[in-house]
Structure formats: structure tokens, C-alpha cells
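Undergrad: Line by line, the protein sequences give chains A and B. Numbering follows the working numbering, in which position 268 of the first sequence is assigned residue number 268; successive positions increment by one, without gaps. Numbering follows the working numbering, in which position 367 of the second sequence is assigned residue number 367; successive positions increment by one, without gaps.
In short, the hints are calculated from the structure, not lab data. The structure presented is a predicted model; accordingly, all values stated were derived computationally and were not measured. All residues carry an ideal CB built from backbone N, CA and C; glycine is no exception. Among these hints, one or two may not hold up.
As the list claims (entries may be wrong) - Residues of chain B placed beyond 12 Å of chain A at every Cβ, according to the derived structure: (1) Leu77; (2) Asp104; (3) Glu139; (4) Ile147; (5) Lys193; (6) Tyr237; (7) Gly263; (8) Ala304; (9) Lys337; (10) Glu360.
As the list claims (entries may be wrong) - Here are some, though not all, of the chain A residues that point toward chain B, as calculated from beta-carbon distances under 7 Å: (11) Phe42; (12) Ser43; (13) Val64; (14) Arg65; (15) Ile126; (16) Tyr129; (17) Thr130; (18) Ser174; (19) Leu234; (20) Asp237; (21) Ser243.
As the list claims (entries may be wrong) - Using 30 Å as the maximum straight-line C-alpha spacing, the simulated BS3-like pairs for lysine-lysine come out as follows: (22) Lys225(A) with Lys91(B); (23) Lys257(B) with Lys50(A); (24) Lys337(B) with Lys225(A); (25) Lys257(B) with Lys193(B); (26) Lys225(A) with Lys306(B); (27) Lys74(A) with Lys86(B); (28) Lys257(B) with Lys74(A); (29) Lys50(A) with Lys185(B); (30) Lys50(A) with Lys180(B); (31) Lys163(B) with Lys449(B); (32) Lys193(B) with Lys225(A); (33) Lys185(B) with Lys306(B); (34) Lys225(A) with Lys347(B).
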Amino acid sequence: MNHRLSYSKVVTHGFIITLGVLMLYPVLWMVSSSIKPENLIFSSPGLWPKEITFNNYINGWNVVRDVSFGLFFKNSFIISVISVVANLITCSMAAYAFARLKFPLKKLWFACMLMTIMLPAHATLIPQYTIFHNLGWINTILPLTVPKLLATDGFFIFLMVQFFRGIPRELDESAIMDGCGVVKIYTRIIIPLAVPVLITTAIFTFIWTWDDFFSQILYLNTVDKFTVPLGLRLFLDSQGESSWGAVFAMSVLSMLPITLIFFTFQRYIVEGIATSGIKG
Amino acid sequence: MKKIFYICLLAIMSFLIVSGCSSNSSGDGGNESKDSASESLGDSSQDESSEQSEESDDVIELRVAWWGGQERHDRTLKVIDLFEEKYPNIKIVAEYSGFDGYFDKLTTQFAAGNAPDVIQYGGNLNDYVLKDVVLPLDEFVGNQIDISKHSESMLDAATFDGKLYGLTLGTTAWGVLVNKTAFDKTGVSLPSKDWTWEDFRDLTPKLSEGLDGTYGTADFEEDGFGVFLAQRDKFSYLDGEIGFEATDVADWFQLWKDLRESGGAAVPEIQVSASQTPEQSLIVQGDVAIESVASNQYGAYSNATKDEFLLYPYPYDSETGKNGVSLRPSQFFAGNKMTEHPEEVAKFIDFFVNDLEATEILGNDRGAPVNSDVRVNLIDKADEIDQAIFEYIDLVSETSDAPYIPNYPGYNENTQLFKETAEKIYFDQSSVEDAANNYYDKLIDNIKKYTEE
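Okay, chain A solo, but in the shape it has when bound:
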């Protein structure tokens, strides 16, 4: 019995490992292509590079004159970090209001908030662009960060509301007995208990902002404001010559922060999803 059990374990693990390697193949291929000379990337597409060169990294890092890829990393980091902090503070405040406070037309506002999730982004694109243009915010990071200060990510508010509703009201009541007001309940009771959902929000905000392409290309015009996703596309021209080597090399670098964050906080992501709103 014991023997059979371990046998089936071996089979399961073997299966999972094979599947894992299969799924990793594109990533491994990208890493290996990033150290191949440009003309060997597609003519000898095997995983093991015949020749190794780091030219792709050097060439990719100095994208265009005056601007290095480091600047794109810096810009991306600034936007991502502001977005994370802003989302954490404002979304949790909005969610707290929806979950705990009583105010007129609360259900209506909640429905409106949910509708912003369902509204396709393309419908609001041009009016939004026009507003930011009239404010003179085009080609700055303001259109990408200021809205986050106003709790505009309905998805995260919804996520947090569901989580806050799961926190027992008795805790609030005992805090009121101890003399806490609305604000103190938020800072002393709700926030400390909501760490998993806050971490989930932080991670997803970071990843989504880091990988976001469309709104960044829309609002950023000149290369000195560009972010990593825009920088990567600078190498690609579907109709002409693309520097694939540089693309792969810089893609490897741009994956590092996200991979690092994912592995460090992996435990919390699972915990956050399991304990917050997303369940059957």
C-alpha cells in the first residue's frame, strides 16, 4: 500500500514537473535568446546558445541617444510606487465607508462603483484624454497617478469591502466602548486585520501598473518620460527591422522586479485571495 502510494506520487510529480517545464519553456527560450547573437536567434532557435554574447544587454540598455533603459525603470518605479501607495490608502478608505458607515444612498453609490468596473475602458478613453489635455497634464505622470488618489480602482474597493464585511462587528463595538471614533476604528481595528487584502491589492496594483501599456503610451509623448513597457516597444517595428535581441534582453531585466515581488509575497497573495472576496 505504502509502496503504491509513493509510486503514484512519483507519477504525479513527474507529470507536474514535465508540465511546469513545458510552461516555463517560453521564458527559458527568452533568457537563452537574450544572450545569443542577433542573427542566431531565429536561425538556430534551440534552447542552448551556440555562441554567447552580452551585446544585446549593452545595446538594449542604451536604447536611443541620451536615454538609457535605466531611466525607463526609474519612471516605471515612480509611477508604480505612487499607484500602490495611493491605491492602498484611498481604496481602503472608500471600502471602509461602504462596509461600515451609514450614509444616504449608500447602495446606489455602491452600484455606481461596481459599474465603473463593468464599463469598458474604451468608452471613457476620449473624454478622459480630453479632460487631462485641458488640465495640461499630457506628457506628465499626473494622468497615471492622480486618479489613483481618488480611489478609482473599483475592483480593489470591491475586494476590500468583501474582506471588511468578514471582520466581526463585535470588534468595532468593543472599540466604541473603549472610546474609538470612526477614524480610530479604521486605523486601529480594520487596517491591522486587513493586512492580507492590503498585500493582495499592493501586489496586483504594482504588477498591473508595471505591465500597463496602453494608458502609458497614450499619456506619455516624449521618450524621457517613457516607462519600461513603452521602452520595450521602441525596439519593435512590425514592418521593418526589429532588434529582437535587445527586446529579449530588456524583457529579462524588466521581469526581475515582478518576479522578485511575486516570490517574496507569494504566500500573502494566496492568503489574500483565499480570505477575501474572490471565492465561489
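Given the coordinates of chain A, work out where chain B should sit on it, guided by the hints.
TA: Relative to chain A, chain B alone:
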């Protein structure tokens, strides 16, 4: 009861939001463009008066947008430096990116009245002309813009309803890429540059025989068909008219069927896996030794492999003695109709295509230059690959009288139709004749559908 109330409320809200959005967008867009129009009027009159009083000390800012790869960005930026040196009162703001998202962004910018002054377009220039956002250049021709050395067909390509809307940044022409390394391996001697389809039929099976796992040639597909028609003094579609018969289609597909049967052309299984990207094309992957390409891609194909490629003209039609290749525009520079400085826009575009120093820097990146003087100047200075391309373009512009034929209306659908027809024949689901007739009928229907709209 309560539930129903909320559902109704939700429905009303969503209706309000949606309708609010749509009216918002059109309202804002309209106001905005009017605003900027009146602004621009006011600004330009102010600018002029201040220029006169301060003797053009004012620095004018022009926004220039293009897409491309790293190489193009570097070269274009250098030309911009050069331009700023020559015209110190004009400052260029470069807004460049990759191709992804370029036109989405542009459309949004137009809607908000915030588009750049000089814009690079591709074959879709006519779409934007229809939207009435492109600056007609006629009044600048002869003043700021010199088109005397430009080839007529390239000017035609940017002319709509009798007005010139842009200047072509580069020309390309269909050609045949030949893998010299593969020829050397088999001992088949390279054909002469005025080869015919008969030579082509003789030589491709020999290549397939001599090479292990490599076929003589890839199917030339729809692009080849266009050239094939021009060789017979026919054309696909021009000015509301279809210029060929169903028998031409059948002849073309029969030619390729014969080539496959003789072993010269790639088997269908390989042909259908063909990719448009140079790096993943059949010839670079070593599946075939001959493929049809656009001349400006010669460099991209050559750089993706260690084999030596040569650029050949299409095989001639031995009856008419024509090779049917015509010049095609790659990209255009055109002005924004709303620009505050139309004259400077014209100056910049002219500088970009006509200045010898500028074009030397640009080289072949957007295709061979349209200005014949510029091309002559470049041939001596270019590297081997560019030289071959320029010589080829010169050859085409001198020898071929084939006109530039724009794409079919409903381009995507018709391209798909051609592909499906070819595949039906590849896999013996239909005889060549039936498939050709079917293609011809459906093509006429499609074109009707798109032109009547």
C-alpha cells in the same frame, strides 16, 4: 419588491452613464477641436505679429511623431538635430514609439485636438485624409517643398481627390530573394537577372533535389499575383474597375500547382506555416531557397541568417517581356490640418526627403529615397545591402512602366479570400478552375460591398 427596485435603479443608472459618456465624448471632442481651432487662429496671428516686431526671435515648436525600431529612432533624431541647426528658430519635439498603439494614440489625440504637427503614416494615409485631419501640401509645392525629382507614381500614391497630402519617405518594390549559399551547395548556377518563368520552372526542381529538406521556392502568393497581372498588362483594381479575368487567376494558380508537382515549390504543409516576419520566414528558416519579398526588407532578411541572400527582379513574362514590378510607398510624412505652423511643417517634410545630408543619415531605413538625385548620391556611400536595394529600385523605376496599384477596398477580407482559394487548391478540395472562378465572383461581390458603403 426591494430587489426589483434596485434592478430598475441599476438599469436606469447604467443607461444614464452610457448615454452621458457618449454625449460627453462627442460634445467634448467637438468643443475641443473648435477651441483649438480658434486658439490656433489667435495664436498664429499673434505669432506673426510678434515675429515681425522681434524679427523672428521667437522659437517655434513642432511636434513630430513616428513609429519604428531602434535604428530608425537614432537616424531620425540625428536628422532632427541637423534640421534644428539649420533653422535655429524651430525646435522639434520628437514623439516616437514602437508600432504598437501608435495609431490608437493618434486617433485619441485627434479626437482631443492634441495631435502632433508632423505625423508619419503608412498605407492608411487615405483613411486619415477621409477624416479631414491631414494638411494639403499643394500651396507649399514649389515654395517650401520641392517635388521635381520625385517619381510620379510616388506622388500619385499620396494624392487624393487631386490634392497632395504627404511625401513618401521611402519606396519599395516587390523582388525575389535568392539564397546564394543554397545555390552554391547544389551546384545549380545562379540565373541571370532577366530570367523568365520558364527558367524559374527549370531551376526550382533542381534546387529541391540538390538540397536536403529545402524546397526550391516558396509560393509568391497574392503579392506575386499582382506582379503577374502587371506582366500581362493588366491590373487588380484601379479607379472602380477590376482589370483582370478569372482565367488570369486560374493561370496563376496552375503555374504554382505545376511547380509543386514538379517538386520545385514547397509542399502545402510547409507553405501554410509561412510567417510574414522576416526572422521567421521560410527562407530564413531554411525551408525554401527562393521567396518573394519587398525590397526594403532585404536587410532584415539578410541579417537574420548567416546565408548569403541576393535580390532579384521577378522572373519576366517571356511573351510580353515585362517584369511587372512597380514602386510602392513605404511610409509618408504628412502635416496635421490643425497645425499652427503649416509653413514650418512643409519645410521640415521637405528637408527630410530632399536634403542630401539628411537623407544620407536616413539611408534605406524607410525604404529607398524617392528623390532620384538623393538616390544617386546615396548609392556610393551605402553599405552593400543598401546599395543592392538602391540599384534594384533604380532598375525598377527605369525599366518598369507598371503603375502603382493601391490595395483593394476591403483589403483584409480580400486577402483572406485569396489565401483560402490558394489553400483549397493546395489540399485538392477544388480544381484550379473552379477555385479561380469562385475567387473571381466573390471578389466582385466584396468590392461591391465596400464601394457601395
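Undergrad: Next, verify each hint and record whether it holds.
TA: Hint by hint, here is what the structure shows:
1. Leu77: Violated: least Cβ distance 6 Å, not greater than 12 Å.
2. Asp104: violated (7 Å)
3. Glu139: holds (29 Å)
4. Ile147: holds (24 Å)
5. Lys193: holds (25 Å)
6. Tyr237: holds (23 Å)
7. Gly263: holds (25 Å)
8. Ala304: Violated, because the least Cβ-Cβ distance between Ala304(B) and chain A comes to about 5 Å, which does not exceed 12 Å.
9. Lys337: The claim holds: Lys337(B) sits with its nearest Cβ about 18 Å from chain A, beyond 12 Å.
10. Glu360: holds (18 Å)
11. Phe42: Constraint on Phe42(A) satisfied, holds at 4 Å.
12. Ser43: Holds - the Cβ of Ser43(A) comes within 7 Å of chain B, reaching about 5 Å at its closest.
13. Val64: At about 5 Å, which falls below the 7 Å cut-off, the nearest Cβ of chain B leaves the hint on Val64(A) intact, so it holds.
14. Arg65: Since chain B brings a Cβ to about 6 Å from Arg65(A), closer than 7 Å, the hint holds.
15. Ile126: holds (5 Å)
16. Tyr129: Holds, because the Cβ-Cβ distance from Tyr129(A) to chain B comes to roughly 5 Å (cut-off 7 Å).
17. Thr130: Nearest chain B Cβ about 4 Å off; hint holds.
18. Ser174: violated (32 Å)
19. Leu234: Interface hint status for Leu234(A): holds (5 Å vs cutoff 7 Å).
20. Asp237: With Cβ-Cβ at 4 Å, under 7 Å, it holds.
21. Ser243: holds (5 Å)
22. Lys225(A) with Lys91(B): holds (18 Å)
23. Lys257(B) with Lys50(A): violated (39 Å)
24. Lys337(B) with Lys225(A): holds (27 Å)
25. Lys257(B) with Lys193(B): holds (24 Å)
26. Lys225(A) with Lys306(B): With a Cα-Cα distance of about 38 Å, the restraint between Lys225(A) and Lys306(B) is violated, given a limit of 30 Å.
27. Lys74(A) with Lys86(B): violated (34 Å)
28. Lys257(B) with Lys74(A): Since the Cα atoms of Lys257(B) and Lys74(A) sit roughly 57 Å apart, the hinted pair is violated (cutoff 30 Å).
29. Lys50(A) with Lys185(B): Since the Cα atoms of Lys50(A) and Lys185(B) sit roughly 23 Å apart, the hinted pair holds (cutoff 30 Å).
30. Lys50(A) with Lys180(B): holds (24 Å)
31. Lys163(B) with Lys449(B): holds (27 Å)
32. Lys193(B) with Lys225(A): Distance ~50 Å between Lys193(B) and Lys225(A) Cα, so the pair is violated.
33. Lys185(B) with Lys306(B): With a Cα-Cα distance of about 14 Å, the restraint between Lys185(B) and Lys306(B) holds, given a limit of 30 Å.
34. Lys225(A) with Lys347(B): holds (28 Å)
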